[in-house]
Amino acid sequence: MKVTLQVWRQKNRTTTGDFVSYDVENVSGDMSFFEMLDMLNNSLISEGEDPISFDHDCREGICGTCGVSINGRAHGPLKGVTTCQLHMRSFSDGDVLVVEPWRASAFPVIRDLVVDRTSFDKIMEAGGYVSIKTGGTPDANAIPIPKFDAEEAMDSASCIGCGACVASCKNSSAMLFVGAKVSQFALLPQGKVERKERALNMVATMDDEGFGNCSNTGACEVECPKEISIINIARLNREFFKASFN
Amino acid sequence: MAWFFKFINSSIGKKFIMALTGLLLSLFLIIHLGNNLLLLVDEDIFNSLVGGLGGLKPLVRVIEVLLAILFMIHIINGIRLTIQNKKSSPQGNKVNSGTETASISSQTMAISGITILAFLIFHLRTIWVKFQEMHASQDHEFFNVVAESNIGFGNIWITIFYIIALILLSMHLKHGFQSAFQTFGLSDSRYKTIINCIAVFFWFVIPGLFITIAIYFGFFFNN
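Same order as they appear, the protein sequences are chains A and B.
In this text, residue positions in the first sequence follow the numbering used here: the first is 1, and each later residue adds one.
In this text, residue positions in the second sequence follow the numbering used here: the first is 247, and each later residue adds one.
In short, the hints are calculated from the structure, not lab data.
In this text, all values refer to a predicted model and were calculated from it rather than measured experimentally.
No residue lacks a Cβ here, since even glycine has one placed at the ideal position from N, Cα and C.
There's no promise every hint is true.
[As the list claims (entries may be wrong)] Using C-beta positions, here's what the derived DEER-type ranges look like:
(1) 96(A) x 319(B): 32 to 38 Å
(2) 208(A) x 319(B): 22 to 28 Å
(3) 446(B) x 246(A): 50 to 56 Å
(4) 145(A) x 442(B): 57 to 63 Å
(5) 20(A) x 450(B): 46 to 52 Å
(6) 450(B) x 59(A): 33 to 39 Å
(7) 145(A) x 436(B): 16 to 22 Å
(8) 30(A) x 322(B): 33 to 39 Å
(9) 21(A) x 336(B): 20 to 26 Å
(10) 151(A) x 444(B): 43 to 49 Å
[As the list claims (entries may be wrong)] With a cut-off of at most 25 Å between alpha-carbon atoms, the simulated PhoX-like pairs for lysine-lysine come out as follows:
(11) 242(A) x 252(B)
(12) 260(B) x 122(A)
(13) 242(A) x 333(B)
(14) 122(A) x 333(B)
(15) 2(A) x 122(A)
(16) 332(B) x 242(A)
(17) 242(A) x 196(A)
(18) 332(B) x 122(A)
[As the list claims (entries may be wrong)] Residues from chain B that keep clear of chain A, each with C-beta distances beyond 12 Å, as calculated:
(19) 264
(20) 270
(21) 316
(22) 318
(23) 341
(24) 364
(25) 409
(26) 432
(27) 439
(28) 443
(29) 444
(30) 447
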């Protein structure tokens, strides 16, 4: 099949970018979206042009490195997958696809579709850890944890920090990311010790990094490739409220 | 007090203030609706009730001032949030995913809010000001002002404006309620079902009854 791409091209942080149109032919439905971009890049290189820069690593949907907006949807139209796991069979012959980087002032564009997500690292540094010696793998049930809590914590921990929540939010809010990180620790005994400082520090860093305020539209949970629920945001609000008033 | 200012200036604190003031303002709608439903019951009862409020002036004034303060906080905080959010998201996507990912009511809070404010100013400048004058001159024909006069439902354009504003109020409350309880961290609690029922009462039943009053007097009364 044939698709037309309108790709955001931007040389570096300081220049302004624009959309460039490319026709890509002989696209197989079994190709991943990135394999299709690889094919386009090969032809651009052979023509002496700059290839399109985009972030990727595992290409298995687990690392959280990749992520572009396709026709306004973070990670494309398919629910519960990262861009690397999106295949061209999700599109039709003759489709026009607008491919953009994550749009947020806290995620400045470095080049083309690559954005700087250091702001997420700073939020993690502010409290996304436990300050105890964890040692080796503990024996099962050495610390009794209710099944429901363990499941909830694992659901929250499945956040891969890709930034799709920020990209899909009209306010570029990072509340789903921070909510998932705060929840995963707050639900487990090892994380409860530092829950107060964690909620206060991670929210303060999130605000300092220039992310917007959550409007509770729920767009983030729709676009999250790991289908993290906005219940995590409700829990973050509770954690922050309790930490502020205690 | 430093912790308090730190809280209300944080992203979650600002949302919390928005939710709290919004909920308190919504409570007034119950009183106002209870009063207005008497329009459908009996002309004399409505006139005597509104007339009776003249005797409770000090209490009414206190409530009016409190409501005005709540409105100011809600509006100023809303403007502050909107400006910050625009700064955080200066460039949107070329293609807008529209309602694929979020409801219309959640994406139009600023527009619905501004329309409600415009409606409120208009409502106060016409009906409220007129009622104050009537209280002063001991004129108790309040029902006629609402049902028949040119500043009430006697004017078809005012009726249409009221209906549009009330539909937007319904949209504002639909997202506002869900959003407020999410902000309070209660959306996943055991009270979820009760909260959802209260939300339907506020965004559907209350605006629906106000619209019923507008439609009845605008299109059917005396016709």
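Against the structure, the hints:
About 46 Å separates the C-beta atoms of residue 96(A) and residue 319(B), a value inconsistent with the hinted range of 32 to 38 Å. Between residue 208(A) and residue 319(B) the C-beta distance comes to about 24 Å, which sits within the given range of 22 to 28 Å. Checked against the hint of 50 to 56 Å, the C-beta distance between residue 446(B) and residue 246(A) comes to roughly 34 Å, which is inconsistent with it. Taking 57 to 63 Å as the suggested C-beta distance range, the pair residue 145(A) and residue 442(B) does not conform, at roughly 30 Å.
At about 48 Å, the CB distance of residue 20(A) to residue 450(B) agrees with the hint of 46 to 52 Å. For the hinted restraint 33 to 39 Å between residue 450(B) and residue 59(A), the CB-CB distance of approximately 47 Å leaves it violated. Range check, residue 145(A) to residue 436(B): about 21 Å between beta-carbon atoms, so the 16 to 22 Å window is met. The hint said 33 to 39 Å for the Cβ distance between residue 30(A) and residue 322(B), and at roughly 55 Å that hint is violated.
In this structure the hint that residue 21(A) and residue 336(B) lie 20 to 26 Å apart at CB holds, the actual value being about 24 Å. Residue 151(A) and residue 444(B) have their C-beta atoms about 29 Å apart, which leaves the hinted 43 to 49 Å range violated. For the hint pairing residue 242(A) with residue 252(B), the CA-to-CA distance comes to about 14 Å; that is within 25 Å, so the pair holds. Distance hint between residue 260(B) and residue 122(A) is fulfilled; the C-alpha atoms sit about 22 Å from each other, no more than 25 Å.
Straight-line distance between C-alpha atoms of residue 242(A) and residue 333(B) comes to about 29 Å, which puts the hinted pair past the 25 Å bound. A distance of roughly 20 Å separates the Cα atoms of residue 122(A) and residue 333(B); the hinted pair therefore holds under the 25 Å criterion. Simply put, residue 2(A) and residue 122(A) have alpha-carbon atoms about 42 Å apart, too far for the 25 Å limit, and the pair is violated. Simply put, residue 332(B) and residue 242(A) have alpha-carbon atoms about 29 Å apart, too far for the 25 Å limit, and the pair is violated.
Under the criterion of a C-alpha separation no larger than 25 Å, the hint pairing residue 242(A) with residue 196(A) is consistent with the structure, at around 8 Å. A hinted pair counts as satisfied when its Cα atoms are at most 25 Å apart, and residue 332(B) with residue 122(A) qualifies at roughly 22 Å. Residue placement check: residue 264(B) does not keep its beta carbon more than 12 Å from all beta carbons of chain A (closest about 9 Å). Non-interface status of residue 270(B) relative to chain A is upheld: no Cβ of that chain comes within 12 Å, the nearest being about 18 Å off.
The beta carbon of residue 316(B) sits about 20 Å from the closest Cβ of chain A, which is more than 12 Å, so the claim that it is off the interface holds. The Cβ of residue 318(B) sits about 19 Å from the closest Cβ of chain A, beyond the 12 Å cut-off, so the non-interface label holds. Consistency note on residue 341(B): stated as away from chain A, yet its beta-carbon is not over 12 Å from all of that chain's, at 4 Å minimum. Every Cβ of chain A is farther than 12 Å from the Cβ of residue 364(B); the closest lies at roughly 22 Å, confirming the non-interface assignment.
With a least beta-carbon separation of about 26 Å from chain A, residue 409(B) lies farther than 12 Å from that chain, consistent with its non-interface assignment. Non-interface call for residue 432(B) relative to chain A: violated, since the shortest CB-CB distance, roughly 7 Å, does not exceed 12 Å. Residue placement check: residue 439(B) keeps its beta carbon more than 12 Å from all beta carbons of chain A (closest about 15 Å). Distance check for residue 443(B) against chain A: the nearest CB is about 18 Å away, which clears 12 Å, and the non-interface claim stands.
With a closest Cβ-Cβ approach of about 17 Å to chain A, residue 444(B) is found to remain outside the 12 Å limit, as its non-interface label requires. Once the 12 Å rule is applied to beta carbons, residue 447(B) is consistent with being away from chain A; the minimum gap is 20 Å.
The structure does not agree with the numbered hints 1, 3, 4, 6, 8, 10, 13, 15, 16, 19, 23 and 26 stated previously, though it agrees with the rest.
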